[in-house]
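> Those sequence lines, one after another, are chains E and C. First residue of the first sequence: 1, per the working numbering; consecutive thereafter. First residue of the second sequence: 1001, per the working numbering; consecutive thereafter.
These are calculated hints, taken from the structure and not from any lab test. Beta carbons are placed, not taken as given, at the ideal position from N, Cα and C, and that holds for glycine. Hints may be right or wrong, so weigh each one.
Stated by the list, open to error - Per the computed footprint, the stretches of chain C lying under chain E, defined by three or more beta-carbons under 8 Å from a beta-carbon of chain E, are: (1) 1055-1067; (2) 1112-1122; (3) 1149-1161; (4) 1247-1260.
Stated by the list, open to error - So the derived list for chain E, only partly shown, Cβ under 7 Å to chain C, looks like this: (5) 60; (6) 187; (7) 278.
Claimed, not checked - Derived coverage of chain E by chain C (criterion: at least 3 residues anywhere in the stretch with Cβ under 8 Å from a Cβ of chain C; other residues may be distant): (8) 198-212; (9) 218-224; (10) 230-244.
Protein chains: 2
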Amino acid sequence: MSRSAEPAPRLVDDRPIGVFDSGVGGLTVLRALESALPGESFLYLGDTARLPYGTKSPASVVRYATQCARLLVRSGVKALVIACNTAASAALPELVAAHPGMPVVGVVEPGARAALAATRNRRVLVLATEGTIRAGAYQSALARLAADVAVTPIGCSVFVALAEEGWGDSDVAEHAARRYLGAIYPHPSAPDTVLLGCTHFPVLAPTLARLLPAGVALVDSAATTAAAVAELVAAGDLAPAGAGAERATRFLATDGPERFARVGSQFLARPLGAADIEIVDVA
Amino acid sequence: MSRSAEPAPRLVDDRPIGVFDSGVGGLTVLRALESALPGESFLYLGDTARLPYGTKSPASVVRYATQCARLLVRSGVKALVIACNTAASAALPELVAAHPGMPVVGVVEPGARAALAATRNRRVLVLATEGTIRAGAYQSALARLAADVAVTPIGCSVFVALAEEGWGDSDVAEHAARRYLGAIYPHPSAPDTVLLGCTHFPVLAPTLARLLPAGVALVDSAATTAAAVAELVAAGDLAPAGAGAERATRFLATDGPERFARVGSQFLARPLGAADIEIVDVA
């Protein structure tokens, strides 16, 4: 380092926390963040022009994530949350390297940690998109944290469409879940912990909870990611907004504000209008 | 026109017919084309890096379709088939204008014509993606062809995911179809014709046929589009391949050859390997 002095650490920092996803699924993470950090402002970017990332090649996902992060950093965020499992698994090291000094949290590791804390029989079932499973994101994270845990990954692409259709808690979701999980439960040695490794899946939690045997823990990576960011603040690694700061959440998207607002409302669990979404070009 | 002479019309033309879609769904159209025109060669392009088009804005879809068409034309095709409802509804006039003299067939109009030929109670139900429905593609085409026909459009985005998962003929598809169609059937005045306005939907035809009342016609826009191209050849508007020509189908994609091959195999109804897919950059 050629700089003669580090900037003094800030005690308070009113800049927003940047959150990005390929689309609206990451709004479940934003919702959890707003709830965990009620004094903070957020800048959310949904790369809707290029969604879904889950079916794209890792090289494309890294490029997209790099562009999203750059836009948020130029917009003046104080931290980056990768609220997209595909992007977090493909691009976390690149984003950390590209933005030195900037806290970067992905959705994969907090979920993996929470699943390890929950499992008693050392077996974890990971439900995610095909892309996240194929990339081995959760498999690697869990293996790195605990070598003795057996991981069963299942790609559940249909869940994404059901969540976006507002059918997360429906007969269709129940039949889809039976197809995905039918071969695993109710074996006595089946995983006692189910990790929802896709930001869309929290809206399927009621359906899954009904179908899973009693005692199986459902770990939601949106909630655990928000908790990880709150821990950064508690540990002094991320300065909180000042007590008197006006908080706000702004929404950016790369395409289709109407659909973003309509589908996003159910992930965010509050009304969102197309006029609330600012269209930006990240490429 | 400043040209002094038009080129003489060809009697035979061994160049391939170009077919493009946002992904693999258009392979149902390719399959129908191969069956209707067994002597022809085809060049198929799936813009998998930017799929799905159905959730993108019309301006983006026009840009993508223009780029796909340009790549196929530069590769030496003799005709263009837009095997994507979203692209056909958004970009057909632009592609006709951009490629004078080149026959361009979209999937919308042939399906609309076939539905009109099938309906007796002058009521047509259109099942398509949200984007196709929102763009009003089939509604406009049907109104233009027959002002007295009542059109009921239903966006069925979940069907796309079910088709890609290989669950077109399953209990999940049946429950999803009941949700989409439950409010319409079995009213006696319900549409007697159902138009499958998405290239993914032919694989759901068995499920839909089981659920729909007897006498309701299912019109498949893939088969009707292939028939429209065969008619161009029969009418002398598109020169056929020579009798001795070696026929071949080549596959191009913009991303993810493994997924293209795996999911595409079920739409094409024959095995397809990742090595059969050539990755190209259309942007």
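> Three or more residues of the region 198-212 of chain E near chain C by CB distance under 8 Å?
violated (count 0)
> Would you say the region 218-224 of chain E counts as covered by chain C, given the rule of at least 3 residues with C-beta under 8 Å?
Contact hint for the region 218-224 of chain E vs chain C: violated, 0 residues under 8 Å.
> Does residue 60/E pass the interface check with chain C, least Cβ-Cβ distance below 7 Å?
OK, holds: residue 60/E within 7 Å of chain C, min 6 Å.
> Taking 8 Å as the Cβ threshold, is the statement that the region 1112-1122 of chain C is covered by chain E upheld or broken by the three-residue rule?
n = 0 at 8 Å, threshold three: violated.
> Please check whether residue 187/E passes as an interface residue: C-beta within 7 Å of a C-beta belonging to chain C.
Not OK, violated: residue 187/E not within 7 Å of chain C, min 22 Å.
> Examine the region 1055-1067 of chain C: at least three residues should have C-beta closer than 8 Å to a C-beta of chain E.
Coverage by chain E holds for the region 1055-1067 of chain C (4 residues, Cβ < 8 Å).
> Once the shortest beta carbon distance from residue 278/E to chain C is found, is it less than 7 Å?
violated (14 Å)
> Counting residues of the region 1149-1161 of chain C with a beta carbon closer than 8 Å to any beta carbon of chain E, are there 3 or more?
holds (count 4)
> Are at least 3 residues of the region 1247-1260 of chain C within less than 8 Å of chain E when you compare beta carbons?
holds (count 3)
> For the region 230-244 of chain E, count the residues whose Cβ lies under 8 Å from any Cβ of chain C; is that count three or more?
Check failed, 0 qualifying residues.
Comparing the model with each numbered hint stated earlier shows that hints 2, 6, 7, 8, 9 and 10 do not hold.
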